[in-house]
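A.B. asks: In case you want the letters, here they are:
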Amino acid sequence: MLPIARVRRLAAIAVASATALALTACGAKTGEESANAAATVDTSGDTIKVGLLNSLSGTMAISEVTVRDALMLAIEEINADGGVLGKQIEPISEDGASDWPTFAEKSEKLIQQDQVAAVFGCWTSASRKAVLPVFEQNGSLLFYPVQYEGLEQSPNIFYTGATTNQQIVPALDYLVEEGVESLYLVGSDYVFPRTANRIIRAYAEEHGIEIVGEDYAPLGSTEFSTIANKVEQAGADAVFNTLNGDSNVSFFSEYAATGLTAETMPVLSVSIAEEEVKSIGAENLEGQLTSWNYYQTTEGEANEEFVAAFQERYGADRPTSDPMEAAYTSVYLWAAMVEEAGSFEVEDVRAAADGITFEAPEGTVTVDGETQHIHKTARIGRIGADGLITEVWSSEEPIRPDPYLRDYDWAEGLS
Amino acid sequence: MTVILSQSFTGISIGAVLLLIALGLSLTFGQMGVINMAHGEFIMAGAYTVYVVQKSIDSAGTSLLISLPLAFLVAGAMGVLLEWLLIRRLYARPLDTLLVTWGVSLMLQQLARDIFGAPNVNAQAPSWLSGRITLVDGEHSLTLAHSRLFILGLAIAAVVALTLTLRRTSLGRRIRAVVQHRDLAEASGIATGRVDRITFFIGSGLAGLAGVALTLVGPIGPTMGTNIIIDAFLVIVVGGIGQLRGAVIAAFALGVLQAVMEYSTTVSVARVTVLVAIVAFLQWRPQGIYTLRTRSLA
Chain A
1 MLPIARVRRL AAIAVASATA LALTACGAKT GEESANAAAT VDTSGDTIKV
51 GLLNSLSGTM AISEVTVRDA LMLAIEEINA DGGVLGKQIE PISEDGASDW
101 PTFAEKSEKL IQQDQVAAVF GCWTSASRKA VLPVFEQNGS LLFYPVQYEG
151 LEQSPNIFYT GATTNQQIVP ALDYLVEEGV ESLYLVGSDY VFPRTANRII
201 RAYAEEHGIE IVGEDYAPLG STEFSTIANK VEQAGADAVF NTLNGDSNVS
251 FFSEYAATGL TAETMPVLSV SIAEEEVKSI GAENLEGQLT SWNYYQTTEG
301 EANEEFVAAF QERYGADRPT SDPMEAAYTS VYLWAAMVEE AGSFEVEDVR
351 AAADGITFEA PEGTVTVDGE TQHIHKTARI GRIGADGLIT EVWSSEEPIR
401 PDPYLRDYDW AEGLS
Chain B
1 MTVILSQSFT GISIGAVLLL IALGLSLTFG QMGVINMAHG EFIMAGAYTV
51 YVVQKSIDSA GTSLLISLPL AFLVAGAMGV LLEWLLIRRL YARPLDTLLV
101 TWGVSLMLQQ LARDIFGAPN VNAQAPSWLS GRITLVDGEH SLTLAHSRLF
151 ILGLAIAAVV ALTLTLRRTS LGRRIRAVVQ HRDLAEASGI ATGRVDRITF
201 FIGSGLAGLA GVALTLVGPI GPTMGTNIII DAFLVIVVGG IGQLRGAVIA
251 AFALGVLQAV MEYSTTVSVA RVTVLVAIVA FLQWRPQGIY TLRTRSLA
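If you're matching them up, the sequences are chains A and B in order.
With the working numbering applied, the first sequence covers 1 to 415.
With the working numbering applied, the second sequence covers 1 to 298.
Among the clues, some could well be false.
Stretch by stretch, here's where chain A covers chain B in the computed footprint (C-beta under 8 Å, at least three residues) [as the list claims (entries may be wrong)]:
| id | segment |
| --- | --- |
| 1 | 4–16 |
| 2 | 217–225 |
| 3 | 256–270 |
Here are a few chain B residues that face chain A, going by a calculated C-beta distance under 10 Å [as the list claims (entries may be wrong)]:
| id | residue |
| --- | --- |
| 4 | T134 |
| 5 | A145 |
| 6 | R148 |
Worth flagging that the hints you see were computed from the coordinates, not collected in a lab.
Here the structure is a predicted model, which means the values were calculated and not measured.
Every residue, glycine too, gets a C-beta built ideally from N, C-alpha and C.
With the hints as extra help, turn the sequences into a complete structure.
C.D. replies: Structural data, given as structure tokens:
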């Protein structure tokens, strides 16, 4: 038998090293704001360089690789059409590796070393917050293609995904219209779900919706039986789901296991698009609701062309999703801004941004120069057995972006 | 009432998962005193075995049943290789073992990333595990998912098999002899090196089994081992190092505590409470639930 003293020492070593291991996974980078210097853009060659910054490895790769694919498609199409200001676009792809300090490091490399005209990418709000000071200090431009929690407006970022009043608020409007009087909030434990739920609570208070529960699980968590039990016991009219990534797989299978269905208690999700439906499995999701600005099934000629081009380039089994569409659109918007400005310089591009429009797959989008967001149509969709999402409600008209929710009385005090 | 019952069941099923991932470790860490940080990657290897088998066999049910012995062999073989190549040279140096096996765990993670790709993958659950038993029907129903019952059954079967092997077979007798007094065992004619290897094979193989069970509750990914290994060590330390029954009690106690706290508070608070409870418990009983009774003077 091992002597007690040795046993205790072993135990201490084991616990200490396990803790150290857990801590290596954490890490944050903060930057300070500074005056905007204009970035140097290398315009000397026949080509113009742009940066693509996506996680090609790690837990976010499943989503971000699809965004990179959509960005590449847009660049190839623009190049085939003669490029921008007569120059071919030369993409430089960097791997953010699902690690926020790496995102900051790689964006610095793209701006200072490669002297790119603009960078396209980032997915999680954590990665965007990590690169934001880098872009502000260097005076460069980032095009961010994913829906997010709002309450941000950097002069160095163009937001081509939805802000809250183009996704979450319309989703709540829809639920109220459907007669929902109580909600259960489930989300991953980080900045986007927490901020989104603060906004939802403010909305609920104004519209007489009762929030019967609010639960967060760590990113990547797979143990959802307790949360599913709590949701079932609480008996809300609907669940508002801001879980991200793999956790959705476990959540929806536990949800189904407790006997809850889309008929008895629908779940409205804001981070599940076609690509995620495929990996979660449509059988656990059938009938559940989502809120986005674009679905693969969205009607219109521009979308038919986009889906056909994407599937021809990457394979017929590849779905298209909202963030991919927003990424694809962002490249075209940047190209149009550059053409309008007649220059690649960041200051000129930003000055030319207001009012730029593009016939995007989701419909006509317009850049709002003041907020640097774009006007987008909100769409509620229902997930079908085939894994595709069909629209059940839409705002008909593009909604003006309002990242700080200034037009909404109930949102006072949020920002 | 149904809440208490359903949460107890949730706690027991969390406990069963904890028990499965800690069982192999209770052998390699508890009995042999080897801190194997790559244990989590053996669990990952077991999980990927299910994925690979499912790629070649269409039926999810058959592939799960084939995966059980296969994952045991795959993870066991990796364990033996690790023991033979590295660990046996480091038996007297626990700290070095820790660093070496941690390095191995990083290499195995990268290997998995290169072979299977960085994104997580999912294994299909067989149809006979996707159903559930309804015990109480009504407004607040009490249901037991088949997959959870399967994991519980697997955990119990593994504990029973391990106990019988250690207590009743000549191999078990030799393992216990080497653990209790290596020199005396060697003097009595036991090939201690071979026994070490077999012990490590069984411990690592059990990690493979745990990996198969984990595919029923979550995705399979290169980093799944890292997330698990901490819980596994906690179970062993709380249970009392080298004590199988301690690990069983600790796993279920931690599972139920987690489930109850999670129900009454939030996931993060529950997690913190469990960790604080463990720290407090170890202050009071540093040797864990069960103490080794030994005549040695140390």
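A.B. asks: All hints, please: hold or fail.
C.D. replies: Quick rundown of the hints versus the structure:
no.	hint	in the structure
1	4–16	holds (count 5)
2	217–225	holds (count 5)
3	256–270	holds (count 6)
4	T134	8 Å, holds
5	A145	4 Å, holds
6	R148	8 Å, holds
Taken one by one, the earlier hints all hold for this structure without exception.
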